[in-house]
Amino acid sequence: MRTSFIPSSETHLSICEATFDEHYPLRVNHLNPHAGWAVDDGGGCLFETHGDELAFVCSQDPRCIWTLVDGGDSPDQYLLSGYHLVNRVGYLISTVPVAPGVAIEVHLPTESDPLTSTEQE
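Each residue of the sequence shown is one higher than the last, beginning at 1 in full-length UniProt numbering.
Think of the hints as simulated: they come from the structure by calculation, not from any bench. Do not rely on the hints blindly, as some may be mistaken.
[Said to hold, decoys possible] Cβ-Cβ distance ranges computed for the label pairs, FRET-style:
no.	residue 1	residue 2	range
1	Arg88	Val39	19 to 25 Å
2	Asp52	Ala18	29 to 35 Å
3	Arg63	Val39	18 to 24 Å
4	Gly36	Asp73	32 to 38 Å
5	Val89	His12	16 to 22 Å
6	Gly101	His30	29 to 35 Å
7	Gly42	Val86	28 to 34 Å
8	Leu85	His12	28 to 34 Å
9	Glu105	Gln60	16 to 22 Å
10	Gly101	Gln60	15 to 21 Å
Note that the structure is predicted; figures quoted are calculated from it, not measured. Quick reminder that beta carbons are idealized off the backbone N, C-alpha and C, glycines included.
Produce the complete structure using the sequences and hints provided.
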């Protein structure tokens, strides 16, 4: 079987969490008062991957949907612009859409606790 590479017409960007926070403010999850990913003193913004919360996510502008995914073998997580299924943890909805033709990745490194770290200096 022959596989050919199909080039993507999307521009792929990688941004830090601070840039994401600055440019893509999040909508609070009004369906779950105990949702994760709290912003400031407001409610949580993370939407579940099933039920009414998923139905709400799917009804939104696809360019405002962000998928929180786990890093596979890495403890880190990533936010990917758009609706994705593989390794999904939950969804966020921004109030500002991603520009057409742009795909964004936000690396969310896991912070190690110096009190429990097993690494030697």
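Cross-check of the supplied hints:
1. Taking the beta carbon of each, Arg88 and Val39 are about 20 Å apart, inside 19 to 25 Å as hinted.
2. A C-beta distance of roughly 32 Å is found between Asp52 and Ala18, which places it inside the suggested range of 29 to 35 Å.
3. Against the hinted window of 18 to 24 Å, the Cβ-Cβ separation of Arg63 and Val39 comes to about 20 Å, which satisfies the hint.
4. Taken as a hint, the range 32 to 38 Å is violated for the pair Gly36 and Asp73, whose Cβ atoms sit roughly 23 Å apart.
5. A C-beta distance of roughly 21 Å is found between Val89 and His12, which places it inside the suggested range of 16 to 22 Å.
6. Between Gly101 and His30 the Cβ separation comes to about 30 Å, which falls inside the hinted range of 29 to 35 Å.
7. Checked against the given bound of 28 to 34 Å, the beta carbons of Gly42 and Val86, roughly 30 Å apart, stay inside it.
8. Checked against the hint of 28 to 34 Å, the C-beta distance between Leu85 and His12 comes to roughly 19 Å, which is inconsistent with it.
9. Checked against the hint of 16 to 22 Å, the C-beta distance between Glu105 and Gln60 comes to roughly 20 Å, which is consistent with it.
10. At about 19 Å, the CB distance of Gly101 to Gln60 agrees with the hint of 15 to 21 Å.
Of the hints listed earlier, those the structure fails to meet are numbers 4, 8, in rising order.
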